[in-house]
Amino acid sequence: MKNYKLLTPGPLTTTDTVKGEMMFDHCTWDDDYKQITQEIRKELLKLAHVSEEEYTAVLMQGSGTFGVESVLTSVIGKEDKLLIAANGAYGERMADIAEHAGMDYVIYNEHYDQVPKAEVIREMLEKDPSITHVAMVHSETTSGILNDIEAVGKVVKSMGKVFIVDAMSSFAGVDIPVKDWGIDFIISSANKCIQGVPGFSFIIADRKLLTESKGKARSLSLDLYDQWKTMEVDGKWRFTSPTHVVLAFAQALKELKEEGGIPARSRRYRENNQLLIKGMEELGIHPYIDGEHQGPIITTFFYPENYDFKFADMYTYIKDRGYAIYPGKVTEAETFRIGNIGEIYKEDIERVVNLVKEFLDSTGK
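Each residue of the sequence shown is one higher than the one before, starting from 50 at the first, in our numbering.
Quick caveat, the hints were computed from the structure, so don't treat them as lab data.
Derived PhoX-like pairs: lysine-lysine, alpha-carbon spacing no greater than 20 Å straight-line: (1) K327 x K406; (2) K257 x K91; (3) K91 x K306; (4) K257 x K278; (5) K127 x K265; (6) K285 x K83; (7) K127 x K257; (8) K95 x K257; (9) K206 x K228.
Here are the in silico distance ranges between beta carbons for each label pair: (10) G333 x Y394: 23 to 31 Å; (11) E341 x S207: 20 to 28 Å; (12) P226 x Y394: 22 to 30 Å; (13) E330 x H149: 40 to 48 Å; (14) F73 x D229: 34 to 42 Å; (15) D362 x K166: 38 to 46 Å; (16) H149 x K228: 29 to 37 Å; (17) P376 x K278: 36 to 44 Å; (18) D283 x A361: 48 to 56 Å; (19) D362 x D229: 40 to 48 Å; (20) D153 x G371: 45 to 53 Å; (21) R256 x V155: 26 to 34 Å; (22) D74 x K359: 38 to 46 Å.
All C-beta atoms, glycine included, are put in the ideal place defined by N, C-alpha and C.
Please take these sequences and the hints and turn them into a complete structure.
What follows is the structure, given as structure tokens:
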């Protein structure tokens with residue numbers, strides 16, 4: 050079976066050593082396995098720049114969306130009201146979760162190429178004091194935009210509200226001082242910038258607010274408080290844990306540290322992104338997001354002018370040569386997306402740009 054380098058936001062390309070950890074079986078009740086879970090939780094707090102006294106980390110089986118749904122349906126009570134700031138599919142998915150759970154919520158929609166504005170959020174909070182929680186996405190991979198959660202966090206905390214951030218594709222790829230930015234709950238996934246494999250999400254939570262959420266959960270399996278209380282004892286998961294994924298994630302954390310931590314990884318991702326945009330611009334292919342708000346994780350590109358092709362043909366051409374890219378998600382324009390996180394380096398970016406050029410040359414104008 051051929052291995053592809055995935056130029057996507059995840060599941061992404063990781064190292065053979067991370068994958069190799071999944072070759073070993075482990076019993077969830079073994080003390081050494083439970084210790085691995087506890088070490089992961091401690092390391093995540095370090096990456097978030099928070100203390101164990103004020104924050105805690107909870108691992109939750111399932112995809113990143115499971116983690117987001119766990120937080121929203123566990124900490125927002127029936128008497129609470131949620132404001133969702135959305136400028137892409139993943140912010141809109143929060144609204145879908147809230148709708149399914151029967152929550153009281155309101156949504157502030159921005160265009161996909163615009164960041165949600167902190168002052169608009171302030172105005173909405175001032176007009177509706179019944180709002181208790183605010184939630185938004187940091188790196189919205191629909192477009193590749195990086196939202197200003199720092200500015201929004203300052204507003205949310207100044208108004209005495211709870212701030213929830215989906216940092217699925219940015220945590221550990223972009224440095225996020227969680228407490229300093231006013232974040233109470235931040236959610237990410239094993240298969241993103243830490244470069245593990247899919248299987249669980251994780252939540253870094255304000256201890257006091259998490260404790261106060263006891264009894265609010267609308268779901269048994271996604272009850273964040275109960276998951277935390279069980280895990281807090283000795284590292285055991287409430288229900289069957291994704292053992293092989295946990296072992297791979299522990300190795301991925303070691304490799305993040307060996308690379309130089311978040312500063313080094315963030316620099317590699319940013320350099321990848323800048324090299325990609327520069328190379329595509331030289332081909333006449335322009336990014337959807339302006340330079341100020343373009344994130345370092347994934348880039349949406351407009352189709353080049355004067356070329357007639359189908360994305361599926363370009364996708365197949367590039368995949369046959371070892372790389373996989375993404376179709377676009379922006380509905381009002383013809384676009385495609387290329388990610389650059391994971392085990393991706395300068396030579397990979399240069400190779401993919403060359404493959405795009407070869408494909409376009411083969412189609413003719």
